[in-house]
Amino acid sequence: MLVRPKPGILDPQGKAVENSLRHLGFTVDGARVGRLVDLEVEASDPEQARAEVERMCAELLANPLIESYEIELREDA
Amino acid sequence: MSEAQRPRIAVLVFPGSNDDRDAALALEALGAEPVLVWHADRDLPEVGAVVLPGGFSYGDYLRAGAIARFSPAMRAVADFAAEGGPVLGICNGFQVLCEAGLLPGALRPNESLSFVCRDVALRVERTETPFLARCEVGQRLTIPVKHGEGCFFADADLLAALDEAGQIVLRYDEVNPNGSIDDIAGVVNQEGNIMGLMPHPEHAVDQLLGSTDGAFILNGLVEAARERLLAPTV
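Residue numbers (my numbering), protein chains in the order written: chain A, 705 to 781; chain B, 877 to 1110.
Accuracy of the hints is not assured; some may be wrong.
Stated by the list, open to error - Straight-line distance between alpha carbons at most 25 Å, and here's what the computed DMTMM-like set of lysine to aspartate or glutamate pairs gives: (1) 719/A with 1031/B; (2) 710/A with 1103/B; (3) 710/A with 1039/B; (4) 719/A with 987/B; (5) 719/A with 936/B; (6) 710/A with 1033/B; (7) 719/A with 1039/B; (8) 1022/B with 1059/B; (9) 1022/B with 1058/B; (10) 710/A with 1058/B; (11) 710/A with 1059/B; (12) 710/A with 776/A; (13) 719/A with 1058/B; (14) 710/A with 1031/B; (15) 710/A with 780/A.
If you are wondering where the hints come from, they were derived from the structure by calculation, not from laboratory data.
Please work from the sequences and hints to get the whole structure.
Here it is in structure tokens:
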């Protein structure tokens, strides 16, 4: 799952990355720094896995006041 | 001093707390009997108040305070607070209370991205909470901050609601060290018995360290603990 600072929320880490890239001579119009969490879960079907990860996000992995998240599922045989 | 006059106050200790001893020393100097409570304890001893100290609980992994809120002792703190018990969160303790949903808002990395360590001037905005009962509205307090993630954030709706309900109790005066929205330094819950603030009152109780203004806040806490322990149990 991918966690991002919500739009409009000040992201000082992204700002620092953006400034560093500019110093290196790159043209960037903005940088935001999020967090990637790789999870391995056992589930009988994708819906169940998604529901489980949704609950993890709500309870711990993201703070809904300041962060948004996306879940991407990949099946592992 | 009798036991009732020296009220017991719990100071929680998480892995990574580092101001627990300072908080205990300050409370002792102000006439309380501090009791250090390990985060894995399921119950609180009989105390009149609880302090969540500063530090870097669980290494600030994920988000500051995010993991500490699941400590067994935090459930006991939530129950204690629900019964009206006074709970003060300082710095990392403030972050834990926000993550636990016991206080509104969230704390983000400082706007400057730098760790700040300095004295700041605070303005008392409200006094209808035991922690600030000894202050006057508009009073200036000089208390040090030392944090990397103290930028208080609330979205527009929440900010308006907090303002309306009088939950914004402390603001930075003149210099805002972390870029917090509306210069907010401390907030309380709706009932006023839970307060969180980024500055460290426990580092400002001895003239040797430059200011004794932290005693205004901690004396209010000690007094509230004393009243609670002396109150007849229902």
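Outcome of the hint check:
{"no.": "1", "hint": "719/A with 1031/B", "verdict": "holds (20 Å)"}
{"no.": "2", "hint": "710/A with 1103/B", "verdict": "violated (43 Å)"}
{"no.": "3", "hint": "710/A with 1039/B", "verdict": "holds (23 Å)"}
{"no.": "4", "hint": "719/A with 987/B", "verdict": "holds (9 Å)"}
{"no.": "5", "hint": "719/A with 936/B", "verdict": "holds (21 Å)"}
{"no.": "6", "hint": "710/A with 1033/B", "verdict": "holds (15 Å)"}
{"no.": "7", "hint": "719/A with 1039/B", "verdict": "violated (29 Å)"}
{"no.": "8", "hint": "1022/B with 1059/B", "verdict": "holds (16 Å)"}
{"no.": "9", "hint": "1022/B with 1058/B", "verdict": "holds (19 Å)"}
{"no.": "10", "hint": "710/A with 1058/B", "verdict": "holds (19 Å)"}
{"no.": "11", "hint": "710/A with 1059/B", "verdict": "holds (21 Å)"}
{"no.": "12", "hint": "710/A with 776/A", "verdict": "holds (18 Å)"}
{"no.": "13", "hint": "719/A with 1058/B", "verdict": "holds (21 Å)"}
{"no.": "14", "hint": "710/A with 1031/B", "verdict": "holds (11 Å)"}
{"no.": "15", "hint": "710/A with 780/A", "verdict": "violated (30 Å)"}
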